[in-house]
Amino acid sequence: MSAYLHAFGAHLPDRIVTNAELAERTGKTAEWIESASGIRERRWAAPETSIAAMGVAAAESCLKAAEFPTNKIGMLIVASGSGARGFPGPAAAIADRLCLLSVPAIDLPMASAGSLFGLALAMRLTETYGDILVVASEKMSALIETEPLDPNTAILFGDGAGAALVSSRSGRWRMLDAALHTDGQYREDLACDGTSLRMNGLTVILQASRKIPASIEEVLGRQNLSAQQVTAFLLHQANLNLLTRVAKALNVGPEKIFANVQRYGNTSSASMLIAATEWAETNPGKGPIVFSAFGAGFHWGALVADSED
Amino acid sequence: MPDSNRSQRLRKLVQEVAGKPAPEDEQESLFESGLLDSFALPDLVSAIEKEFAIKVPDSDLNPRKFDSIARMDAYLADHM
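First to last, the sequence lines map onto chains A and B. With numbering that gives the first Met the number 0 applied, the first sequence closes on residue 308, and no number is skipped along the way. With numbering that gives the first Met the number 0 applied, the second sequence closes on residue 79, and no number is skipped along the way.
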């Protein structure tokens, strides 16, 4: 199997929602919000902005970074857990807007871990379908911005989209291995009925703080790699305190865990690819990189790739 | 069965993780009272594993099992 990551792309709405704004609306203080989550601000899309529109913008950003023509895409995978519509999901709309009129476009209606599952599937499918564009787009504000705001969720989430191009053609990072898992017994502890979101934070954090490091060690172990050898960990940006805990569990310095949750909040499935985009644009360096996510379901896992010299 | 020595050791762990005195009432919810939050819970479970030399499997990582000193004591009584 040969699969490579070629490029990433992201889109974030213009509107910045600060902790000060949410403090007024939730009865909390801005300082409490930052200490509980590490988040200072997040982006919320305009009411008329759709999940598909943000996904298209991220897709175009990714294809531009890859210098790859849209009409050569062989498959589209779209992760989104915040869509209110049952079917069709946003994959059809994004394919249409990208003028992909006959390639398969698959929806993964998964929050948080959706982009990781998308990358892992693309890694396995690219030899058959050619270049695969993985998109994750979330409009979490539509689920949490209902008065009165629930301080447990309103402070955490933001809107945005990310994308990655996976190909069997030689590229920037070779995808080595992935581990995906699901435990459905906790499916009601983080759930959305299409209009509102509910979360049992105790269960989510307790499970995530164990399962994220375990899945990372699982894929690294299979590749005879240690966490200390990894150049960067590109994780689902759920909460800065959780990212710090993962670094501690893996016995690596916090600087190895790329974090932008401070500026964008938790953008669910989009967050990992938005993080990857910013990391790749700055100073990616050489060596192994690890993706990992945990989310509603619970679904979780990890994927390891290595730079091509 | 409840064990006074074990519950004292649990009380000490709760105080260490919370940085505040544990409640006198062993039935009191440590989370509803605000003594512990979601990020303290993984620390508490790790501290219990170390103190009592056990491994709490993922299938037992349910906050209800660690909601009070009495519940933690009951869990340990079943697993030690």
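Keep in mind the hints are simulated off the structure, nothing from the lab. As the structure is a prediction and not an experimental result, all values here were calculated from the model. It is possible that part of the hints are untrue.
[What the hints assert, rightly or not] Derived lysine to any residue pairs resembling SDA-like cross-links, with alpha carbons at most 20 Å apart: (1) A/Lys-247 - B/Leu-43; (2) B/Lys-64 - A/Thr-202; (3) B/Lys-11 - B/Pro-22.
To see whether the hints hold, each was checked on the structure:
1. Annotation: proposed proximity of A/Lys-247 to B/Leu-43 holds, straight-line Cα distance about 15 Å (limit 20 Å).
2. Restraint check: the Cα-Cα separation between B/Lys-64 and A/Thr-202 comes to about 11 Å, which is no more than 20 Å; the hinted pair holds.
3. For a cut-off of 20 Å, the pair hint linking B/Lys-11 to B/Pro-22 stands: about 11 Å separates their Cα positions.
Checked against the numbered hints listed earlier, the structure breaks none of them; every hint is satisfied.
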